[in-house]
Amino acid sequence: MYIYHYFCSMSIVTTIQKNAAAALSILYNHSFTEKDFQINLTKPEFEGDYTIVMFSLVKSLRLSPEVIGDALGGYLTGNHPELFSSFNIIKGFLNLSITESFWTDLLQSNYSNADFGKQQNNGKKVMVEYSSPNTNKPLHLGHLRNNFLGWSIAEIYKANGYEVIKSCIVNDRGIHICKSMIAWQKYANGATPQSTGIKGDHLVGEYYVRFEDDLKAESQILINKIKLADLSDFSGAELEKLDKILIALTKQDEIKDAEKITKLHEEIKEIARNNTAVIKEAKQMLLDWEKGKPEVIELWKKMNGWVYEGFDITYKRIGSDFDKAYYESNTYLLGKDIVQQGLDKNVFFKKEDGSIWIDLTADGLDEKLVQRKDGTSVYITQDIGLALQKYEEYKIDSSLYVIGNEQNYHMKVLQLICKKLGMPNADNILHLSYGMVELTTGKMKSREGTVVDADDLVDEMIATSQKHTEELGKVKDFTPAELTDLYDTIGLGAMKFYLLRVDPKKTMVFNPEESIDFHGFTGPFVQYTYARIKSILRKEPLVEITTLADADLLKLEKEVIVMLEQYPVALETACTEHNPSVIAMFVFNLAKTFNSFYTEHSIANAETPAKKQLRLQLAVMTANTLKSGMEILGIRVPERM
RNA sequence: GGUCCUGUAGUUCAGUGGAUAGAAUAGAAGUUUCCUAAACUUUAGACACAAGUUCGAUUCUUGUCAGGACCA
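Take the first sequence: its letter number 85 is residue 85 in our numbering, and every next letter is one higher.
Quick caveat, the hints were computed from the structure, so don't treat them as lab data.
Possibly wrong hints are sitting among the right ones.
Unchecked claim - Derived DEER-like restraints, expressed as beta-carbon distance ranges:
no., residue 1, residue 2, range
1, 294, 161, 23 to 31 Å
2, 378, 521, 41 to 49 Å
3, 419, 280, 38 to 46 Å
4, 577, 521, 17 to 25 Å
Said to hold, decoys possible - Pairs of lysine-lysine, DSBU-like flavour, derived with a Cα cap of 30 Å:
no., residue 1, residue 2
5, 316, 301
6, 216, 227
7, 324, 118
8, 345, 390
9, 302, 216
10, 283, 301
11, 373, 420
12, 412, 373
13, 263, 412
14, 505, 125
15, 280, 199
16, 351, 412
17, 505, 412
18, 592, 118
19, 158, 125
20, 293, 280
21, 336, 412
22, 445, 412
23, 227, 283
24, 280, 390
25, 301, 368
26, 390, 412
27, 390, 506
28, 420, 390
29, 324, 291
30, 118, 91
31, 263, 420
32, 445, 301
33, 35, 505
34, 555, 612
35, 351, 283
36, 199, 443
37, 225, 199
38, 35, 91
Glycine included, every Cβ here is placed at the ideal spot set by N, Cα and C.
Work the whole structure out from these sequences, hints included.
Printed below as a string of structure tokens:
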């Protein structure tokens, strides 16, 4: 028992590295660090548990891999017989066998510990900002990836000993919400979520779409006129620009570059859109909002209120929650005083026209505008202001932003500016950048109506889990409430697992058919493994036997323990890499390994009482670890399914 | 034009400067008098291309091609 406790603060891999480094410094009087040793699991076709690759040591010691391996293997088994039982060398690989007592002690010391793998409080505080919706339309598939990632990374930080504050910046002001407001005024006849029975965020979203339709129709009229060279609606700089574009387009044959032509058409489109009556209305409304015009503010509050009611329902269903919400309507003026400080510190500089910039060319970026010539601020300014406010309000050690990778540049700029301004903990402004979710048919485009709505998707997943469960007919004795809960658990579990099992930074493809699959590398697979273990444990209570026979661990029994041992490392890796998929892969592999074991060996009818106890402990620890890992992903596990 | 990200099996994803590149799914073939077959077993199938660094490169570097994002 003492062995594991002796090493309990570190993983077996680290332990091997430490011992190997110590051994070689004694053997050859040459100092090594842990990282000089590359440790892998031994391939199944060779004897041993862990393998040290010798090649990297050859150069510094000027000895053959066989000689070093022999000396190191001999030293380790000779001096740490409680840990290393034997070794062999094949080519340049030193294969080490770990003693059985190490594995059985590990199991017995930890099987009932529900917090296995989690770290003690380390006194550090981190804020995780995620979700960050706009209030003009409902949440979609992309938001789901963000929400699941954000919630999970917060749990991962907690498991690693951090205190976590979950925050959300609500983008509740700006031209987008004004668009919904304009269309609602025109077409809604006072319709409300109550009068229509439509969820608030969806209702507001409908009017946003309505606005965009109008905008499209109106701008098309303008585009047609422009293409007939009728520029009577334009003046000033835009007129000049259009002139140029039209001239360029008459020389189309010379350009030949299809991309350039599309670009010119895009520019026409943009100018047309900005000159429609509807967009001018929306812009006027935004100005009125900024001036605090009462009827605009009132409508804004009313419609945002509907959206929040809708969001609350969705957040509750998907399990997102926040300790602190920031509203952009309160924060958009932040950072103005910082601009002045930046000027005083010569971090920023002023151009002749009065606009204020920062020069980031030395860092491989461009010059970046921080305040317009008319004195109004830009996005980055309020972001700096909010970053500072977060620090002052919560005294956080680090600040993690869960934001899509289209903002990589923006975040880099934010980090750099904060650093140059000398803000406290500016090095700890971190960005969990994630890729877009695409469909098998291509990208989601709201204008083409190919956006997958979050509420619809959740409904569909839950309905599918219900269908599957009913077909299997294993839980006919459940009450209606229990059934509803189970369908939620499975449906949401499938969806969360599907979105979290992929490396966040990668663009991922959402396949409707595959995502509702409940077999293989999925949430329900892990949930099912858990439910089966719980079923066994209901029938076979764990009986303590004081003397656990040092029975030979069977191959499959050992494989499960070896997997379990890796959980703390998985938690740590997930945190340092900001990557929940590490946990998803871990729980899947653990479940798979356990299933193989379970099919092959009976727990209830084990060969001896000692074996039975060992296997029950194995089952308990696997269940605890699966539950722990899944909970960190935000996924519940059912006792029965 | 510039910067960044990504190219692995039919498909969706892992992975490592080192031994025969792993899963899942789809395909083929099996397993149910016994702890939940949403499971298990067997089988077939892939590192975009080219140079370079290295004892060794799918991994690191450079270039080409392809896809995506951002900046101008």
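Here is what the structure says about each hint:
1. 294 / 161: 23 to 31 Å: Given about 50 Å between the Cβ atoms, the range is violated.
2. 378 / 521: 41 to 49 Å: 43 Å Cβ-Cβ, so the 41 to 49 Å window holds.
3. 419 / 280: 38 to 46 Å: holds (41 Å)
4. 577 / 521: 17 to 25 Å: holds (19 Å)
5. 316 / 301: Satisfied, since the Cα-Cα distance of roughly 22 Å is no more than 30 Å.
6. 216 / 227: Distance ~16 Å between residue 216 and residue 227 Cα, so the pair holds.
7. 324 / 118: This hinted pair holds, its Cα atoms lying about 25 Å apart.
8. 345 / 390: holds (22 Å)
9. 302 / 216: holds (27 Å)
10. 283 / 301: Since the Cα atoms of residue 283 and residue 301 sit roughly 18 Å apart, the hinted pair holds (cutoff 30 Å).
11. 373 / 420: Holds, at roughly 22 Å.
12. 412 / 373: With a Cα-Cα distance of about 24 Å, the restraint between residue 412 and residue 373 holds, given a limit of 30 Å.
13. 263 / 412: holds (27 Å)
14. 505 / 125: holds (24 Å)
15. 280 / 199: Measuring from Cα to Cα gives roughly 29 Å; hence the hint holds.
16. 351 / 412: With a Cα-Cα distance of about 23 Å, the restraint between residue 351 and residue 412 holds, given a limit of 30 Å.
17. 505 / 412: Judged against 30 Å, a Cα distance of about 15 Å means the pair holds.
18. 592 / 118: Measuring from Cα to Cα gives roughly 22 Å; hence the hint holds.
19. 158 / 125: holds (10 Å)
20. 293 / 280: holds (17 Å)
21. 336 / 412: Given pair residue 336, residue 412 holds - Cα atoms ~20 Å apart, limit 30 Å.
22. 445 / 412: OK: residue 445 and residue 412 at ~27 Å, within 30 Å.
23. 227 / 283: Holds. Residue 227 to residue 283 sits at ~26 Å (cutoff 30 Å).
24. 280 / 390: violated (35 Å)
25. 301 / 368: violated (34 Å)
26. 390 / 412: Measuring from Cα to Cα gives roughly 18 Å; hence the hint holds.
27. 390 / 506: holds (29 Å)
28. 420 / 390: holds (18 Å)
29. 324 / 291: holds (27 Å)
30. 118 / 91: violated (38 Å)
31. 263 / 420: violated (36 Å)
32. 445 / 301: holds (28 Å)
33. 35 / 505: holds (26 Å)
34. 555 / 612: Between residue 555 and residue 612 the Cα gap is close to 16 Å, so the pair holds against 30 Å.
35. 351 / 283: holds (27 Å)
36. 199 / 443: Answer holds: residue 199 to residue 443 is near 26 Å, not above 30 Å.
37. 225 / 199: Answer violated: residue 225 to residue 199 is near 40 Å, above 30 Å.
38. 35 / 91: holds (21 Å)
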